[in-house]
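As they're listed, the protein sequences go chains P and R. Under this note's numbering, read the first sequence as residues 125 to 529, first letter to last. Under this note's numbering, read the second sequence as residues 2 to 243, first letter to last.
Accuracy of the hints is not assured; some may be wrong.
[As the list claims (entries may be wrong)] Lysine-lysine pairs mimicking BS3-like chemistry, simulated, CA-CA at most 27 Å apart: (1) K516/P with K89/R; (2) K277/P with K308/P; (3) K90/R with K80/R; (4) K80/R with K516/P; (5) K308/P with K338/P; (6) K277/P with K338/P.
[Claimed, not checked] Some chain R residues well away from chain P (every beta-carbon gap over 10 Å; in silico): (7) A142; (8) H143; (9) Q192.
Keep in mind that the hints were calculated from the coordinates and are not lab data. Only a predicted model underlies this, so the values are computations on that prediction, with no experimental measurement involved. All C-beta atoms, glycine included, are put in the ideal place defined by N, C-alpha and C.
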Amino acid sequence: MRYISILRVAYRALGQNKLRSFLTMLGIIIGVAAVIAMLAIGHGARDAVQAQIASLGTNVLIVFPGAANQGGVRMEAGTAQRLTEDDATAIRRYCPAVQYVTPVVRTGAQVVAGAQNWRTVVYGAYPEYFIIRDWSLERGQLFTETDLRGATKVCVIGRTVATQLFGDADPVGQTIRIRNIPFKVLGVLAPKGQNAFGQDQDDLIVAPFSTVQKRLMGVTHANTILASARSVSEIREAEAQITQLLRDRHRLTPNEENDFTIRTQVDIANAADATSRTMAMLLASIAGISLIVGGIGVMNIMLVSVTERTREIGIRMAVGAREVDIMAQFLIEAVVLSVSGGLIGIVLGVFVSRTLTRLQGWPVSLPPEAIALAFLFAVAVGVFFGWYPARKAARLNPIEALRYE
Amino acid sequence: MAETPIISIRNLTKVYRLGEVEVPALRGVDLDIYRGEFIAIMGPSGSGKSTLMNLIGCMDVPTSGEYYLDGVDVRRLSKNDLARIRNKKIGFVFQAFNLLARATVLENVELPLIYADGIPGRERRARALRALELVGLADRAHFYPTQLSGGQQQRVAIARAIVNDPVVILADEPTGNLDTRTSVEIMGVFQDLNERGITIVLVTHELDIAQFAMRVVEMRDGQIHRIRPVENRRRAELGVGY
Ligand SMILES: Nc1ncnc2c1ncn2[C@@H]1O[C@H](COP(=O)(O)OP(=O)(O)OP(=O)(O)O)[C@@H](O)[C@H]1O
Ligand SMILES: [Mg+2]
Numbered sequence: 125m126r127y128i129s130i131l132r133v134a135y136r137a138l139g140q141n142k143l144r145s146f147l148t149m150l151g152i153i154i155g156v157a158a159v160i161a162m163l164a165i166g167h168g169a170r171d172a173v174q175a176q177i178a179s180l181g182t183n184v185l186i187v188f189p190g191a192a193n194q195g196g197v198r199m200e201a202g203t204a205q206r207l208t209e210d211d212a213t214a215i216r217r218y219c220p221a222v223q224y225v226t227p228v229v230r231t232g233a234q235v236v237a238g239a240q241n242w243r244t245v246v247y248g249a250y251p252e253y254f255i256i257r258d259w260s261l262e263r264g265q266l267f268t269e270t271d272l273r274g275a276t277k278v279c280v281i282g283r284t285v286a287t288q289l290f291g292d293a294d295p296v297g298q299t300i301r302i303r304n305i306p307f308k309v310l311g312v313l314a315p316k317g318q319n320a321f322g323q324d325q326d327d328l329i330v331a332p333f334s335t336v337q338k339r340l341m342g343v344t345h346a347n348t349i350l351a352s353a354r355s356v357s358e359i360r361e362a363e364a365q366i367t368q369l370l371r372d373r374h375r376l377t378p379n380e381e382n383d384f385t386i387r388t389q390v391d392i393a394n395a396a397d398a399t400s401r402t403m404a405m406l407l408a409s410i411a412g413i414s415l416i417v418g419g420i421g422v423m424n425i426m427l428v429s430v431t432e433r434t435r436e437i438g439i440r441m442a443v444g445a446r447e448v449d450i451m452a453q454f455l456i457e458a459v460v461l462s463v464s465g466g467l468i469g470i471v472l473g474v475f476v477s478r479t480l481t482r483l484q485g486w487p488v489s490l491p492p493e494a495i496a497l498a499f500l501f502a503v504a505v506g507v508f509f510g511w512y513p514a515r516k517a518a519r520l521n522p523i524e525a526l527r528y529e
Numbered sequence: 002m003a004e005t006p007i008i009s010i011r012n013l014t015k016v017y018r019l020g021e022v023e024v025p026a027l028r029g030v031d032l033d034i035y036r037g038e039f040i041a042i043m044g045p046s047g048s049g050k051s052t053l054m055n056l057i058g059c060m061d062v063p064t065s066g067e068y069y070l071d072g073v074d075v076r077r078l079s080k081n082d083l084a085r086i087r088n089k090k091i092g093f094v095f096q097a098f099n100l101l102a103r104a105t106v107l108e109n110v111e112l113p114l115i116y117a118d119g120i121p122g123r124e125r126r127a128r129a130l131r132a133l134e135l136v137g138l139a140d141r142a143h144f145y146p147t148q149l150s151g152g153q154q155q156r157v158a159i160a161r162a163i164v165n166d167p168v169v170i171l172a173d174e175p176t177g178n179l180d181t182r183t184s185v186e187i188m189g190v191f192q193d194l195n196e197r198g199i200t201i202v203l204v205t206h207e208l209d210i211a212q213f214a215m216r217v218v219e220m221r222d223g224q225i226h227r228i229r230p231v232e233n234r235r236r237a238e239l240g241v242g243y
């Protein structure tokens, strides 16, 4: 009951000095709006990165040639072993934790269809490539084992390539010329959008491994080997099995380092996670600084208020207010001030995040916890920075307070 | 008077310390005040009247000596307990009225009850209204202090002082800011309350005002110089100013 009337007094005191209260709240408003906007953007970015990592495929492992540690002294760099189709075959046969595997060759190429031409990247892989990358067709069909064995000149094309070469027309069944060699288009891949590095994943052509390796590139090695583990929990095991197998096949002695590198989806996710954590830290410090500045504003105005109302404090003490009552009154006032600022800040923050989405196309998502957190911060700032002025008020000597002015 | 006094003071001293200098404001005061009394404290400026009032009102603690208020040994009380006692047993009236400018008359009178635990809002307002009726200002309950005359403001302050049924009302120069006619009016209110059984101690410089009391305590240099009964006690004609 007593606190209801204290609350009323607090609101009235703030209402009496509307402009002053508003200016004081401004720091909190900006701080909380920053917290909200930053959390929304950070959260949205994390969602986007996670979606992109997921677009890589399911439980994916990628084997690259060359050691991970590029900084080390590497003699005979040119003689480093390359990956081969046989490596991939061996992985399929001897690594039980691996479910699917495909060697991959890759080359840039000019592609022509009728009067249109487009520069893109041509991948050569097994049909498993599409399973590993979790990639479905928008229309048409995939090439098969038979195409692989016969090195037939067929391909599937990404959404971007389809649009560039055929516009709105259906590419399935059409012939395109890659480096002047005619390929029949079997299907169009469903769009995946950009990857974590901002590259267009749909700007590609995938053809049978043998066709690209022999007919287009004329090489005997593979650029990478793409594999998938049987389950998330088997990714590490698959990595270990592939490592052991390739070391054996490449005849590495125990004190030689790997001449290949394996990246797993877990690694990529961890890297992305570390990035978003750094980002979060940065955002938190910005928000923290604005809240501290806002809090100092609250403290300043509360100190002024305590001085201005010294006589009122004396009167309240004379009629029996205890230290805790005075303390509570000024603390509540500080909290009412910061929470009012906080609420305005939340509204402003939501508005700013929405605007950013609309104008910049940034991915923004605002979890309800973020609003709760921002609100809690506002309360905490009020309590923390209101504490000293409130205690100062509570410790006043009633006689001197009454004599003030 | 055979009954026990509600205020009993023995050899009370108060020394203010200003750095190295010691200022003895009270130098051994003995005083008994009984229920239903009306006491006026007089004396030259600096003689310790306000200091004594502050000690009686539990706004401050004595340097030495004994003080029993309504049977309670005040020296043993903590700051918290002193606030409690002020809330329950004391009603203050100040020279400067000391009303909260931002609160209505009713809210001002309610104030002591807000700090007394467990009185529901409706009862607080009812009691505040009753106190306002006693000082003849029930019709101004929703005014703000600045909308009232000085005498009316002081009556609000008196209503605030009596709202918690205190043991004693302490008034330090309550008519100091008022003209003669209004002063008499205020003394009429005090006399009326006194006749209803409320104990009153007031400080005044004016003999005229002291004549409304039953006894006059004359102070000099921090000591009680003389206590004398009032002969030919003045009576305010009630109703005049109401
Ligand atoms: N807070 C204080 N600090 C130091 N000295 C004080 C303090 N309060 C009062 N005194 C001193 O104590 C003495 C008594 O003061 P007090 O206010 O009780 O006098 P008074 O009788 O009320 O005077 P007046 O009629 O002018 O109000 C004075 O000498 C005064 O200077
Ligand atoms: Mg005085």
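Verification of the supplied hints:
| no. | hint | verdict |
| --- | --- | --- |
| 1 | K516/P with K89/R | holds, 25 Å |
| 2 | K277/P with K308/P | holds, 6 Å |
| 3 | K90/R with K80/R | holds, 15 Å |
| 4 | K80/R with K516/P | holds, 15 Å |
| 5 | K308/P with K338/P | holds, 17 Å |
| 6 | K277/P with K338/P | holds, 11 Å |
| 7 | A142 | holds, 16 Å |
| 8 | H143 | holds, 15 Å |
| 9 | Q192 | holds, 23 Å |
Of the numbered hints given earlier, the model fails none.
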